[in-house]
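**Q** Here is how the chains run, residue by residue.
Number of protein chains: 4
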Amino acid sequence: MFKTVTTRAARQFVQPSQTAGVARRYAHTPVAFDWKDPLGTNNMFTEDELAIAETAESYCQERMQPRVLEAYRHEDYDKKILEEMGELGLLGATIKGYGCAGVSSVASGLITRAVERVDSGYRSGMSVQSSLAMGGIEEFGTEEQKEKFLPGMAKGKILGCFGLTEPNHGSDPGSMETIAKPHPTKKGYYSLSGAKTWITNSPIADVFLVWAKLQETGKIRGFILERSECPPGTLSTPKIGDKNGLRASITGMIQMDEAPVAHEMMLPDIEGLRGPFSCLNSARYGISWGVIGALEDCIDRARTYALERKQFKGNPIAKYQLVQKKLADAATDAAYGIVAATQVGRLKDEGKAAPEMISMIKRQNCDRALVNSRILQEIFGGNAVSDEYHIGRHVANLFVTQTYEGQSDIHALILGRAITGIQAFV
Amino acid sequence: MFKTVTTRAARQFVQPSQTAGVARRYAHTPVAFDWKDPLGTNNMFTEDELAIAETAESYCQERMQPRVLEAYRHEDYDKKILEEMGELGLLGATIKGYGCAGVSSVASGLITRAVERVDSGYRSGMSVQSSLAMGGIEEFGTEEQKEKFLPGMAKGKILGCFGLTEPNHGSDPGSMETIAKPHPTKKGYYSLSGAKTWITNSPIADVFLVWAKLQETGKIRGFILERSECPPGTLSTPKIGDKNGLRASITGMIQMDEAPVAHEMMLPDIEGLRGPFSCLNSARYGISWGVIGALEDCIDRARTYALERKQFKGNPIAKYQLVQKKLADAATDAAYGIVAATQVGRLKDEGKAAPEMISMIKRQNCDRALVNSRILQEIFGGNAVSDEYHIGRHVANLFVTQTYEGQSDIHALILGRAITGIQAFV
Amino acid sequence: MFKTVTTRAARQFVQPSQTAGVARRYAHTPVAFDWKDPLGTNNMFTEDELAIAETAESYCQERMQPRVLEAYRHEDYDKKILEEMGELGLLGATIKGYGCAGVSSVASGLITRAVERVDSGYRSGMSVQSSLAMGGIEEFGTEEQKEKFLPGMAKGKILGCFGLTEPNHGSDPGSMETIAKPHPTKKGYYSLSGAKTWITNSPIADVFLVWAKLQETGKIRGFILERSECPPGTLSTPKIGDKNGLRASITGMIQMDEAPVAHEMMLPDIEGLRGPFSCLNSARYGISWGVIGALEDCIDRARTYALERKQFKGNPIAKYQLVQKKLADAATDAAYGIVAATQVGRLKDEGKAAPEMISMIKRQNCDRALVNSRILQEIFGGNAVSDEYHIGRHVANLFVTQTYEGQSDIHALILGRAITGIQAFV
Amino acid sequence: MFKTVTTRAARQFVQPSQTAGVARRYAHTPVAFDWKDPLGTNNMFTEDELAIAETAESYCQERMQPRVLEAYRHEDYDKKILEEMGELGLLGATIKGYGCAGVSSVASGLITRAVERVDSGYRSGMSVQSSLAMGGIEEFGTEEQKEKFLPGMAKGKILGCFGLTEPNHGSDPGSMETIAKPHPTKKGYYSLSGAKTWITNSPIADVFLVWAKLQETGKIRGFILERSECPPGTLSTPKIGDKNGLRASITGMIQMDEAPVAHEMMLPDIEGLRGPFSCLNSARYGISWGVIGALEDCIDRARTYALERKQFKGNPIAKYQLVQKKLADAATDAAYGIVAATQVGRLKDEGKAAPEMISMIKRQNCDRALVNSRILQEIFGGNAVSDEYHIGRHVANLFVTQTYEGQSDIHALILGRAITGIQAFV
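Protein chains in written order, with the UniProt record's numbering: chain A, 1 to 426; chain B, 1 to 426; chain C, 1 to 426; chain D, 1 to 426.
Possibly wrong hints are sitting among the right ones.
Identical copies carry no separate label here, and so any pair may be met within one copy or between two of them.
Only pairs whose alpha carbons sit at most 30 Å apart, straight line, appear in this in silico DSSO-like list of lysine-lysine [what the hints assert, rightly or not]:
(1) K310 to K157
(2) K213 to K310
(3) K239 to K157
(4) K146 to K219
(5) K80 to K219
In case anyone wonders, no lab produced these hints; they're calculated from the structure. Just so you know, these numbers come straight off a predicted model, no measurement behind them.
From just these sequences and the hints, can you work out the full model?
**A** Right under this line is the structure:
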């Protein structure tokens, strides 16, 4: 048997692969290292993708960045941001048709990274609109549902949110208590009752993709609830304030007390947790790009600070080995995060991305972004306590990204199960 | 200015990129997760590359693996291994011509990973032959030098080594003391004097690519020293034994006392540290692949152990959350390591790889392989102390890979310098 | 020579030490483990110390805890707290005489721990009053200075602060720019000019222990500046708001423009950085106790949450191995922190504590408190973002404690210098 | 209620504790920092304890250290070492009477630390003799058993070992399979059958404290098996070689096939796992001291290396910030480890040490010793691979100490259970 292997090898080596035909030139012509892109990942993107990234980046730096400090201080989300993004085509960008841009998963990742470079809260607001609300309708909705909602949502004129998590069931949505029963008075309608919490965008949303147990089957189904259809007292969406992080996004509850939803506003065909999990998967894919954007902003700011801050013999602290190591570590994790997310994005577009791959990059990129942002924050010394250096905000935000849509340990156990075949949730 | 950005974006979104044309299907057709390739990296390789990998893998598992335990115990390197590799075309595989296979940098990475999956020492032996000795001659040698040595080296009939490091100048080769002077008696010859240490393969080498300061210029130059040309007493290559790691490779010194080397055996044109650094760069690129192979073997063994080992209520310890987390962490770092190394390999073949990129992947992959192998070793509990579980050997080896060809901290400072523009070596 | 050793050993072993006379009983009578005091450290304290700790603890939990959430949200420090502390004898507690309690360093550490269990900001306010302002006057002041200020400060009627740090010289106070010159118009007075920043309590302080360079000598001297003595325009103490942490303490600048200070308000005899460094040393000693208090509060809250929060099969998440490990790690570091701080406290009272010892416990306890609080925060999952769980506040505070009064890396280099004899600040 | 607290506080503060009476002098008289004892722990020990430590230290450095390299290389344990220790009174040192020294638990910890400073394997050999074998007989044996064995064991003339762990039940001894039945032919005897593995000293032991299930009750009991009483074929103790660590200690199996043991050689009164766990507890206490000794040796060697090794501009690498931080971290963990172990030792002698306290210090000190030794090893760069620097040996040993007598994670779960009240072993 070993012979054949040898023989095949021989053939391979005699006819070298085409890629190998390219000469190794780099030793002779020194290539410059770009600290903003340490592993040359721009080389992995198409021209279109790079152009989209540039658009998003310009918008974010020029329009969003100036607003974020005040928004964060006062927990004050400007919902016009979603409209501006809609004008640029940044919402639901991977969806084909319905007024959406239909770009690659990698391009959408690059948009997400640009937004989160400014603030994870802004990215959360966008993710909910794009991946959770629009994505859910596009993937599981009827043609009528898509046509009714997607074009307005793509423009940022109709705002959506996604109601899965309940107060007592964070990591375990299967135990949800929200229920859909036949509406007691309105024919052709269900009535939704129950409470959802930690729902990004809920206080400003027009449309709620709510997951509830259908009384007649006991199965989880998805419903598109419209605020405009709800009589007073059936729907309330109080804001949750005094947050430790993501203060530039708006978070709230969805409290439903016999809120009416027409039969045709139930997502067809999809039952159980497969529906919401698929939406979350898309959102998590986006997070894995976004958090690297936030980390990259931390690197940039820490580097600048280290070059400008002088101590002792008038040397910039960038000359300290201990500072350089922090920068090197962070730059490495950021670059690795991008190559991994790109790889999964490519597989996603080829229909080859397993959900566990997304668990892996969501978990790892969030973890590494958080760890490194915290370490970079040390470079600012006592000054880090001032919010004008922005890094404290990123650190607080990144902690939240690590815990939502699957806390790091939950994803570890999802991966552990995939590796060992054994369930370790107890 | 912002307008234009909007306009360009509009164009991009109207004409979606081709990649994006592929439908997002994965949500509907569940894709299986392969714990041996968590990020689907096999999708990144060409068919040829995959076939080469399979050849290398089969050889390594069937022929090398059975030898390694005894070799490691007794620090006994079987130099026939290089000959066997030569027969399969695994030596100097990226070199085009001279009997070499001319494969892509990624293919050569895959070979390296297969070898180090067995043992880092075996990979070291190969790296020295391929990247340092053959690579140096190929890159900087004269046509005559190449024709004289490369074909025999490719076959593993002529063994090479690489003499740079000196006893007192590990991280700082610029201070080397080895000197090349006009030979006192042999015309047309230089005489080499000095000592090199920690030289893999030196005790068994036929050919020594030695770096020395040329007396007349004070500049560092490369010399191809042949054992067969050295009169008794001018060259000795004592083995260094009692090593804590890499015991399946052979390491030694090169002690030269007026060792003669013909003028035409000096590498032309290349002066200073650029030559040896370029060779080391190639070797480091290989290490960044190899160590992931070693880590993958640790994952495989730890997973198997965890599934077979039962404790307490008869459950396999793979059911423990603490065990699953270790496996998930390690699998993540291994997968990230492969995507990053692949990315750099592709850039390398396009002439776009900066040396700092290689510092980054060498450092990160070595660090993460070491950290994770150590954590996986804990899964074996007290049994880890037995060498038959192999993981202790990998752990000891991986520590060495982290320190050689640039200790982790040195590469951190190389990166720090590239990021900040400031030198922090003091 | 070896003989003597044997002989002495023999003697030792024949006459066993008295401590050894106590029988090892524990194996037979099982001793209960107290998770709130895992290493039985209460056994190290005197009855008086325990009683003082209880007083402080009761006050803090009953009076401070209810105020902290609102104070933190609105950056609103209630300066009556210092008065209340004064009534209980908690201010300047180690000082003997002048109306101070004269307790042991360990007792004062226990007070600090109780206060910071509520909030690091409250502890900062107290530290500044006790260790920096009162401690500086007590250690370096004239008898007149002590009698004038200490009794009122002990009662919390006179509030003090400590002005060392300047905007551009965080870790390097030797480069300070604040200067004391002969006052241009007031005889027997100096005029102070310059700016101090990140000064806890400055906006509410009555008395400012300010360090400045005396023009005539160029040496750093200490001055007791009184707000009531400053004509309009010579002293301003603007509050620094929008902080990322320590929001329940008040921080500001000290801007001096020819602020007058009488000659007799200069600290006598002490010149250079020895003075402020000695005060900081005392404050750092207190921090090393305080941060463990904050960590202990995190442990308590995380444990409670883990026992109450149920997921999946209705099990409390306290049953998860990954959760238990976090609690075990944190409890270990907290307990180790207390034994180490106690040891240094005892040495301090015996006059045997080297400053580097305090660098060590300040650094280690801050680092470990920070790391563990962050890990415990993960137990709260998404809920951690709500400030009502208090842990996010501790995390944000503890980051600041790690950076102020010597960032962790600075103390590492102080220790490194003490260990190697070589200075590595560049 | 709050009033009373205030009142008691008042009393406390009026009558300051005696310790507080000592003036705070340190600021004025600078105290020297001793890098070998960073937290001044020698101040915690009695004069007798210090003298015992010195005896042990002298013996270890002068007599053991010169033997260890060859012993480790060849897995060759010199059992005369136990005899030498016996002559010095170092064996079973906390036992009172029976020819033992009767020293304090802290003194015995200091002995252990001195031994492990040389090698963890040497300490293992001593621990087994002292804590497991002698300790078990002393704690649970009859007066006759004590008189028969302890005096000879104290002298190192009779060697003991401890047979608990079985091949398939590392962390879970409750499932043991070794059985004690009435001996088929010898009246008044039990017959022991079963296998124990990873038994330190078994190949050289004269006496085996073996734990087995008594057939008639199904309960675990302890038996003192003597090699001299076993007919051929009933007892074999093969050595386990080719270990990755602890190579200077001897490890083996105990294979019993109807090995005879007289009824009066069963430990009376003690049943179940309480017996072996109590012995292990004592051994673990010793380990918590020992590993810090090994770490301290690593610190010493790394410091020396860093001061002697020069790179780049001729500076010793001790000048590197990255090197200094490694030393500072390690010195901190070593010092903390000693204060914690001392605290538990004192409680142990007062009968106040809970087993979980020992889990805590065993786990933490082993973990930190291992982590830091590995980091210090990096300072040696490539040279670390040579066993003559000794640090590689410590690293390999310390990994084993982390896994034996309760792997780190097992102790984490023991602590987790004590903290939460919930069992997480599944």
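**Q** Check K213 against K310 for me: Cα-Cα at most 30 Å, and say if that holds within a copy, between copies, both or neither.
**A** between (61 Å within a copy, 20 Å between copies)
**Q** Using 30 Å as the alpha carbon limit, work out where K310 and K157 are close: within a copy, between copies, both or neither.
**A** Answer is neither; intra-copy 49 Å and inter-copy 39 Å both fail.
**Q** Indicate which option fits the pair K239, K157 if close means a Cα-Cα distance not exceeding 30 Å: within, between, both or neither.
**A** within (21 Å within a copy, 42 Å between copies)
**Q** Given a CA cutoff of 30 Å, do K146 and K219 count as a within-copy pair, a between-copy pair, both, or neither?
**A** within (23 Å within a copy, 70 Å between copies)
**Q** With 30 Å as the alpha-carbon cut-off, assign the pair K80 and K219 to within, between, both or neither.
**A** neither (37 Å within a copy, 58 Å between copies)
Hint check: violations occur at hints 1, 5; the rest are consistent with the structure.
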